[in-house]
Amino acid sequence: MATLSVTEDCEQLRKAFAGWGTNEGLIISILAHRNAAQIKSIRQTYAQTYGEDLLKDLNKELSNDFERVVLLWTLDPAERDAFLANEATKRLTSSNQVLVEIACTRTSQQLLLAKQAYHARFKRSLEEDVAYHTSGDFRKLLVPLVGTYRYEGEEVNMTLAKSEAKILHEKISEKAYNHEDVIRILATRSKAQINATLNHYKNEFGNDINKDLKTDPKDEFLAILRATVKCLTRPEKYFEKVLRLAINKRGTDEGALTRVVTTRAEIDMKIIKEEYHKRNSVTLDHAIGKDTTGDYEKMLLALIGHGDA
Amino acid sequence: MMEVKKATILVASIKRRKKKTNEEGRKIMSSPNESRTLAKAFSGILGVDEKSMLEILVKWHPEDLTTFRNENSSIFLKDKYFLFERWQDYHIAFLVKEFLRFQDVVVQWTMHPWERDARMARKALDGHPQTYGLLIELACTRSSDELLGARKAYLSLYGESIEEDVASRVEGIERQLLVALVSTYRYEGSRINDVAVRSEAIKLGITINRHGDKKKLFKDEEIVRILATRSKPHLKAVFKCYKETFNKNIEEDLDEPSLKDIIYCLYAPPMYFSKILDSAMKANANENEKEALSRVIVTRANVDMKDIAEEYDRQYKTPLTQKIEDVALGNYKDFLVTLVQRSLPKGSD
Numbered sequence: 000m001a002t003l004s005v006t007e008d009c010e011q012l013r014k015a016f017a018g019w020g021t022n023e024g025l026i027i028s029i030l031a032h033r034n035a036a037q038i039k040s041i042r043q044t045y046a047q048t049y050g051e052d053l054l055k056d057l058n059k060e061l062s063n064d065f066e067r068v069v070l071l072w073t074l075d076p077a078e079r080d081a082f083l084a085n086e087a088t089k090r091l092t093s094s095n096q097v098l099v100e101i102a103c104t105r106t107s108q109q110l111l112l113a114k115q116a117y118h119a120r121f122k123r124s125l126e127e128d129v130a131y132h133t134s135g136d137f138r139k140l141l142v143p144l145v146g147t148y149r150y151e152g153e154e155v156n157m158t159l160a161k162s163e164a165k166i167l168h169e170k171i172s173e174k175a176y177n178h179e180d181v182i183r184i185l186a187t188r189s190k191a192q193i194n195a196t197l198n199h200y201k202n203e204f205g206n207d208i209n210k211d212l213k214t215d216p217k218d219e220f221l222a223i224l225r226a227t228v229k230c231l232t233r234p235e236k237y238f239e240k241v242l243r244l245a246i247n248k249r250g251t252d253e254g255a256l257t258r259v260v261t262t263r264a265e266i267d268m269k270i271i272k273e274e275y276h277k278r279n280s281v282t283l284d285h286a287i288g289k290d291t292t293g294d295y296e297k298m299l300l301a302l303i304g305h306g307d308a
Numbered sequence: 000m001m002e003v004k005k006a007t008i009l010v011a012s013i014k015r016r017k018k019k020t021n022e023e024g025r026k027i028m029s030s031p032n033e034s035r036t037l038a039k040a041f042s043g044i045l046g047v048d049e050k051s052m053l054e055i056l057v058k059w060h061p062e063d064l065t066t067f068r069n070e071n072s073s074i075f076l077k078d079k080y081f082l083f084e085r086w087q088d089y090h091i092a093f094l095v096k097e098f099l100r101f102q103d104v105v106v107q108w109t110m111h112p113w114e115r116d117a118r119m120a121r122k123a124l125d126g127h128p129q130t131y132g133l134l135i136e137l138a139c140t141r142s143s144d145e146l147l148g149a150r151k152a153y154l155s156l157y158g159e160s161i162e163e164d165v166a167s168r169v170e171g172i173e174r175q176l177l178v179a180l181v182s183t184y185r186y187e188g189s190r191i192n193d194v195a196v197r198s199e200a201i202k203l204g205i206t207i208n209r210h211g212d213k214k215k216l217f218k219d220e221e222i223v224r225i226l227a228t229r230s231k232p233h234l235k236a237v238f239k240c241y242k243e244t245f246n247k248n249i250e251e252d253l254d255e256p257s258l259k260d261i262i263y264c265l266y267a268p269p270m271y272f273s274k275i276l277d278s279a280m281k282a283n284a285n286e287n288e289k290e291a292l293s294r295v296i297v298t299r300a301n302v303d304m305k306d307i308a309e310e311y312d313r314q315y316k317t318p319l320t321q322k323i324e325d326v327a328l329g330n331y332k333d334f335l336v337t338l339v340q341r342s343l344p345k346g347s348d
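The listed protein sequences derive, respectively, from chains D and Z.
Per numbering that gives the first Met the number 0, the first sequence starts with residue 0, numbered consecutively.
Per numbering that gives the first Met the number 0, the second sequence starts with residue 0, numbered consecutively.
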């Protein structure tokens, strides 16, 4: 049985679509302030009450950037990741970076749920689509990254950290960036272990590994390796950078902005906002306010304030 | 004439038995039959005959044991200097293993399937290269959720992921494919893409035939992609299309044992399992091969034992339960035979 508030939400949303045009403000005021579990309830009740999928109605009634942010937000986190990952494998919207982002910033459990949602929605596995749509070094890295089910404990083997830091340094010095061992270490070790290894790397060899991986700024594979490292070790810094680049880009990269906001709103947006403020001297709210308009802007701002609501 | 002779001999032997005494004048309790049975009970290659041991040994007196020891030089060594019979060292070690076989199968059977598979994977990694077959078996015959469960159990038991261990410990050319196989979470629905099936069958054919040294296939990008990420129904369709296109079974062209095993495990596990069951029961099987008997029956009893038994019968012209009866002994044998029989339809062997 739906609670009174869920029933009310459904009625309001239905009203928002009624008649000419759409009451976007109403949509924002409801959906932006509900968490994933609540949205799931709303979708179920909406379907039972009106015989239609809320997402289909949203799809019909909304347009462009606003539609996309509402749609992504309304999807359950696992479905959202599956949707974004699938998009990232398609030729026109392909993005190795998004695949790395999803594979490396999610917990093992979240990634597993995304893979299950992927089976259900696309009738194929994430691994097979990633493998099919990539090749060479990218495939060698990305398939293991999406396939892994990392150990999530904090225990670290210091001897191993030292020896693997040495291996990484050796291969990087030889410019063997696609070496099996580099990929193995990044794709299978636990995040705690990788952190320990990279700390040791810096202590022993002087530089952050990403500095050593910047030898050719145009090399796409190196860029993906650096993103992998960053996502695994400092996700909040990674997301701050994606947001900064999206906002500063001429015309704004709404795709990236929407993706980061909807996927992190319930996870670590607070930390990302702090990071953003530290790095950019203005708040994220301010930056989004300046860079976007209308309902899209309103929805984003509501979502990034979500943690505080 | 013959009958009279036989009867005479028989009477004489009975008389002899009744009157048999040893040098000290004590009566010998054991019969030649019992000695033979006991020798067999101690020498099984798959388990020990606990029942016979119990029934016979408790009746015997020291002189019976002495006679037994003297009559079985494969088990006991006569110390010519001190004049006593001692157990052959290798036989004691052998016997320990054989007694443990029942314990082992009981523990395995009682264990959670996830833990069982995780321990199997760990064992494969601790062993010599030839036990990588266990990794293939695990990665390819289990359902997606069973494999996932094994991976979770592995994390729980060892504090490491199975893929990180496979990636760091497997050193040969098989590494990349093995890591991919243990890491995959295959789609399990029946939906397949016919265009992809056809193109992949052809791709496989071209790739396989391009390499004389089939071992090189382990590192081929497309072989890894297709075998490690495609769903099993898709792969079944690919192998079928391969046969139709090239007129040969893909496993024939993949002239490399591990690759062959991968194919069988993926699309026809009963064929793979029936083959390793048979190697487990052959006369000169090594310990790794023998262990497969417990492992296969325990892990498949609730899955596809019926199909495996049928395949075994078809391939080796003997019912599986019959073969186990012939080569195994004691509680171990009874346990296995019962597990196999449980899965067979009533009234069959």
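These are computed hints drawn from the structure, not numbers from a lab.
Honestly, I wouldn't trust all of these hints.
To be verified - 27 Å max Cα-Cα, derived BS3-like pairs, lysine-lysine:
(1) Lys231/Z with Lys122/D
(2) Lys202/Z with Lys170/D
(3) Lys345/Z with Lys190/D
(4) Lys218/Z with Lys165/D
(5) Lys122/D with Lys122/Z
(6) Lys242/Z with Lys122/D
(7) Lys235/Z with Lys190/D
(8) Lys55/D with Lys89/D
(9) Lys122/D with Lys96/Z
(10) Lys89/D with Lys202/Z
(11) Lys214/Z with Lys122/D
(12) Lys170/D with Lys235/Z
(13) Lys122/Z with Lys89/D
(14) Lys174/D with Lys218/Z
To be verified - Examples of chain D residues toward chain Z, derived with CB under 10 Å:
(15) Gln115
(16) Lys122
(17) Arg123
(18) Ser124
(19) Glu126
(20) Ala130
(21) Tyr131
(22) Pro143
(23) Gly146
(24) Lys161
(25) Glu163
(26) Lys165
(27) His178
(28) Asp180
(29) Asn194
(30) Asn198
The C-beta atom is built at its ideal place from N, Cα and C for all residues, glycine as well.
Mind listing which of the numbered hints don't hold for this structure, in increasing order? The structure breaks hints 2, 3, 5, 7, 9, 11, 12, 13, 24, 26, 27, 29, 30; every other hint is satisfied.
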